[in-house]
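Colleague: Sequences are here, hints too, so could you generate the full structure?
There are 2 protein chains.
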Amino acid sequence: MALSRKPLKGMRELFPEEKRVEDYIVGQLRKAGSAYGFETYEAPVLEPLDLFLAKSGRELAMDQSYNFTDKGGRNLIMRPELTPSTARMVAAAGELIFPVKWMSFPLCYRYENTQRGRAREFLQFNLDILGVDGLEAELEIFLVLQRIMDGFSAVPGQYAIRYSSRRLASGVLSKSGFTPLEMQKAFAVIDKKDKMPLEKWEKWLYEEIADSSKAETIMKFASCEGLNSSWLSKLMAEDPAYSELLKFSNMLDRAGVDSASFESGVVRGLDYYTGIVFEVMDTGGENRRSICGGGRYDDLVGMFSKQNVSGVGFGLGILTLKLFLQTYGLIPDDLARLHPADIFLAVCTDDQREFALNLAERLRDADISVEMDLSRRNLSKQFKIADRKAIRYVVVIGPDEVDSGYVTIRDMNTGERVKIDIPHIREALSMMGN
Amino acid sequence: MALSRKPLKGMRELFPEEKRVEDYIVGQLRKAGSAYGFETYEAPVLEPLDLFLAKSGRELAMDQSYNFTDKGGRNLIMRPELTPSTARMVAAAGELIFPVKWMSFPLCYRYENTQRGRAREFLQFNLDILGVDGLEAELEIFLVLQRIMDGFSAVPGQYAIRYSSRRLASGVLSKSGFTPLEMQKAFAVIDKKDKMPLEKWEKWLYEEIADSSKAETIMKFASCEGLNSSWLSKLMAEDPAYSELLKFSNMLDRAGVDSASFESGVVRGLDYYTGIVFEVMDTGGENRRSICGGGRYDDLVGMFSKQNVSGVGFGLGILTLKLFLQTYGLIPDDLARLHPADIFLAVCTDDQREFALNLAERLRDADISVEMDLSRRNLSKQFKIADRKAIRYVVVIGPDEVDSGYVTIRDMNTGERVKIDIPHIREALSMMGN
Chain W
1 MALSRKPLKG
11 MRELFPEEKR
21 VEDYIVGQLR
31 KAGSAYGFET
41 YEAPVLEPLD
51 LFLAKSGREL
61 AMDQSYNFTD
71 KGGRNLIMRP
81 ELTPSTARMV
91 AAAGELIFPV
101 KWMSFPLCYR
111 YENTQRGRAR
121 EFLQFNLDIL
131 GVDGLEAELE
141 IFLVLQRIMD
151 GFSAVPGQYA
161 IRYSSRRLAS
171 GVLSKSGFTP
181 LEMQKAFAVI
191 DKKDKMPLEK
201 WEKWLYEEIA
211 DSSKAETIMK
221 FASCEGLNSS
231 WLSKLMAEDP
241 AYSELLKFSN
251 MLDRAGVDSA
261 SFESGVVRGL
271 DYYTGIVFEV
281 MDTGGENRRS
291 ICGGGRYDDL
301 VGMFSKQNVS
311 GVGFGLGILT
321 LKLFLQTYGL
331 IPDDLARLHP
341 ADIFLAVCTD
351 DQREFALNLA
361 ERLRDADISV
371 EMDLSRRNLS
381 KQFKIADRKA
391 IRYVVVIGPD
401 EVDSGYVTIR
411 DMNTGERVKI
421 DIPHIREALS
431 MMGN
Chain X
1 MALSRKPLKG
11 MRELFPEEKR
21 VEDYIVGQLR
31 KAGSAYGFET
41 YEAPVLEPLD
51 LFLAKSGREL
61 AMDQSYNFTD
71 KGGRNLIMRP
81 ELTPSTARMV
91 AAAGELIFPV
101 KWMSFPLCYR
111 YENTQRGRAR
121 EFLQFNLDIL
131 GVDGLEAELE
141 IFLVLQRIMD
151 GFSAVPGQYA
161 IRYSSRRLAS
171 GVLSKSGFTP
181 LEMQKAFAVI
191 DKKDKMPLEK
201 WEKWLYEEIA
211 DSSKAETIMK
221 FASCEGLNSS
231 WLSKLMAEDP
241 AYSELLKFSN
251 MLDRAGVDSA
261 SFESGVVRGL
271 DYYTGIVFEV
281 MDTGGENRRS
291 ICGGGRYDDL
301 VGMFSKQNVS
311 GVGFGLGILT
321 LKLFLQTYGL
331 IPDDLARLHP
341 ADIFLAVCTD
351 DQREFALNLA
361 ERLRDADISV
371 EMDLSRRNLS
381 KQFKIADRKA
391 IRYVVVIGPD
401 EVDSGYVTIR
411 DMNTGERVKI
421 DIPHIREALS
431 MMGN
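Protein chains in written order, with the numbering used here: chain W, 1 to 434; chain X, 1 to 434.
Just so you know, the hints here were simulated from the structure itself, not pulled from any lab data. Note that the Cβ used here is the ideal one computed from N, Cα and C, for glycine as well. Honestly, I wouldn't trust all of these hints.
[Stated by the list, open to error] Taking lysine to any residue pairs in the SDA-like style, the calculated list, with each CA pair at most 25 Å apart, reads:
| # | chain 1 | residue 1 | chain 2 | residue 2 |
| --- | --- | --- | --- | --- |
| 1 | X | K192 | X | A54 |
| 2 | W | K384 | W | I420 |
| 3 | W | K247 | X | A54 |
| 4 | W | K384 | X | G94 |
| 5 | W | K31 | X | M431 |
| 6 | W | K6 | X | D271 |
[Unchecked claim] The following label-pair restraints were derived from C-beta to C-beta distances:
| # | chain 1 | residue 1 | chain 2 | residue 2 | range |
| --- | --- | --- | --- | --- | --- |
| 7 | W | T414 | X | D70 | 52 to 60 Å |
| 8 | W | G256 | X | N113 | 39 to 47 Å |
| 9 | W | T414 | X | D400 | 55 to 63 Å |
| 10 | W | Q115 | X | N113 | 36 to 44 Å |
| 11 | X | G94 | W | S153 | 50 to 58 Å |
| 12 | W | L198 | X | G94 | 43 to 51 Å |
| 13 | X | E207 | W | Q115 | 55 to 63 Å |
| 14 | X | R58 | W | I97 | 45 to 53 Å |
| 15 | X | D70 | W | L181 | 29 to 37 Å |
Modeller: As structure tokens, this is what we get:
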């Protein structure tokens with residue numbers, strides 16, 4: 001019986017040309033984080049189910065995740081997100097220097113229906129600041145996000161950073177008499193507002209929230225046009241969550257974070273956010289969805305220790321970001337033809353193989369990457385391999401080369417040939433533009 | 001209830017200082033592969049159980065792995081190794097250019113007892129050549145391995161590359177009348193020879209293999225001193241597997257792979273090897289175990305397609321390699337104190353914050369990484385943070401700096417101070433040795 005040639009639905013399988021694109025994206029993200037002094041760390045993929053039941057909410061931990069019992073009877077989960085593990089590590093570390101500024105590239109898993117931009121196994125980028133209570137942390141996170149988008153040459157209009165505040169939303173709702181349970185439900189409804197047509201959302205809202213005056217409050221709140229909306233400012237003028245947002249908005253303006261704006265409808269889906277929440281939206285028609293979501297969480301670390309540490313952070317989906325970049329043509333074309341090696345070393349006959357291998361090793365010692373013929377095919381087939389692998393320089397080793405110690409470097413892009421003695425190959429390559 | 005602060009037993013949790021060491025090791029491995037033109041790819045962690053039942057053997061797939069049934073009734077496994085997925089990808093790719101030279105850094109999982117150097121979640125390095133029937137492929141793999149060890153400044157004596165041949169072992173055993181089932185058992189016994197005291201192994205051998213003449217054959221074979229052992233050369237002189245090994249031994253000598261030697265006892269544990277098999281052993285007393293194991297597999301790709309493609313490859317355990325490097329002091333000391341940023345920007349009071357932030361962003365634009373105060377603590381606390389994070393240069397922004405546009409760069413290692421106008425910070429840093 002022949003086995004299937006496909007991976008399981010929604011799993012991440014990247015051939016080298018796709019991996020190069022991901023590596024490029026990951027490299028840019030790492031660079032943006034490093035510019036601010038973030039350090040990388042790693043947490044396990046496999047975690048106790050309890051951790052996520054306690055932190056991420058029951059729906060995510062139970063229904064939307066891969067969970068199972070191992071041979072030792074432990075209830076395990078393949079992490080659907082990273083933050084609970086991060087909080088545990090911060091709590092467990094004895095000697096951390098605050099502020100902790102950490103980033104990671106976790107593989108995460110969700111048992112969900114797959115669609116464009118949503119997979120069951122996905123690589124994420126997480127970045128968190130812990131131990132800073134003031135809005136300076138949020139501001140730095142927004143600067144990182146804007147630097148990431150700038151680094152890809154994305155411009156506002158293609159994307160938007162949108163933010164609001166869990167405390168603001170809770171404040172509005174509790175002023176209107178929502179119980180905690182109703183509030184939970186209201187957040188879920190608000191969170192879906194941009195994921196369906198407005199008319200459909202309104203209909204659904206009035207179905208979900210029986211009390212029509214409460215439903216109207218949700219509608220008014222979710223439809224606020226900016227922080228200065230008269231309805232919102234009248235209702236919340238004295239509320240610290242509102243003043244905080246005004247202050248933050250001002251900080252963003254002064255720091256030049258032009259791509260960020262207040263959007264009352266942003267509440268984010270995770271249970272543990274307590275303050276400002278935000279997302280990066282692809283605002284183009286094709287992929288209208290969030291690339292990244294995050295917020296402030298005040299109570300996560302305290303679940304593991306007496307010490308309480310406030311944090312702000314985000315998770316960014318590398319796949320969603322890739323789709324965004326592809327839509328706007330922001331992935332460099334030459335990634336598709338990046339050469340695996342600098343030189344292809346072709347070998348005429350087996351008589352020259354030892355000489356060629358010795359030369360290849362010397363070049364590798366000098367940090368020149370060399371793919372050498374391994375297949376003992378004729379020269380024309382070897383040239384074809386070099387061409388299809390897009391290796392720019394080809395050097396043929398035949399009896400003349402062995403005798404003379406001179407080789408000819410052929411530039412397969414330009415047709416140029418340079419004859420050179422072996423000790424000067426490196427210089428010749430530099431001059432040929434490698 | 002407070003949640004546990006520990007990850008599950010055997011899981012991979014790396015704080016930044018440990019992650020830096022892993023990144024260093026991974027970087028060296030990638031560099032060695034790139035020198036030969038290997039390209040990176042990724043396969044899923046979660047795979048159909050069938051794939052591994054068919055490929056890796058029942059014990060590994062069932063008893064020593066994390067396997068479970070998902071919500072859709074699929075039997076899944078968290079991969080215990082990468083090679084079956086690699087073979088599937090090679091079979092599935094329509095347009096591959098042979099030889100395929102691929103490398104990957106997969107997370108793998110085994111449900112086993114943990115001990116020093118053996119974890120349940122571990123990062124591996126895999127490198128494979130597919131589509132080359134001749135020994136040129138094995139030779140290149142050995143060159144990569146030797147380059148890896150050279151790159152870490154490891155010397156023969158600390159480690160050894162040991163090789164033998166599955167075909168040779170099968171040949172010896174079938175000449176002595178072993179049935180296929182007995183052969184399987186014999187391989188398992190031979191594989192354990194270096195993992196226990198010799199005396200204990202001999203006792204166990206005679207218990208496992210009832211027929212004492214067969215047990216003696218195993219003992220003689222596993223104790224051969226080199227390819228020229230008279231017992232082996234007499235028995236196998238005419239066998240192609242023996243000639244192949246003689247030829248390979250000669251190729252290794254001529255290519256200068258000094259760290260490699262024939263060891264009849266090397267058979268490797270995986271079912272799918274068909275030709276030359278090899279391992280890199282830590283030969284020091286402390287961690288006597290294999291860092292890496294591999295071999296030629298002729299039938300893996302054919303399970304997925306009509307086309308058959310021969311492959312040679314290895315899996316190398318990053319954790320085992322790390323222990324090896326630590327034992328011999330081969331991990332650079334400064335990794336433990338690698339600074340997260342080039343400059344720490346201290347801020348006197350909030351009045352200078354906007355100025356400082358603007359400066360920080362300009363420096364980051366110029367590829368200088370900057371950690372800026374976020375906590376609004378006094379200067380002495382800010383200096384303490386910079387010191388504990390081992391950030392070498394500190395720049396304080398106070399009223400004078402804002403007024404004059406001149407800043408003082410302090411080298412915290414040497415005590416040197418340089419006063420400079422802001423547009424020339426980059427040059428000043430270069431001159432100070434950053």
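Colleague: Tell me the hint numbers this structure goes against, listed in increasing order.
Modeller: 3, 8 and 11
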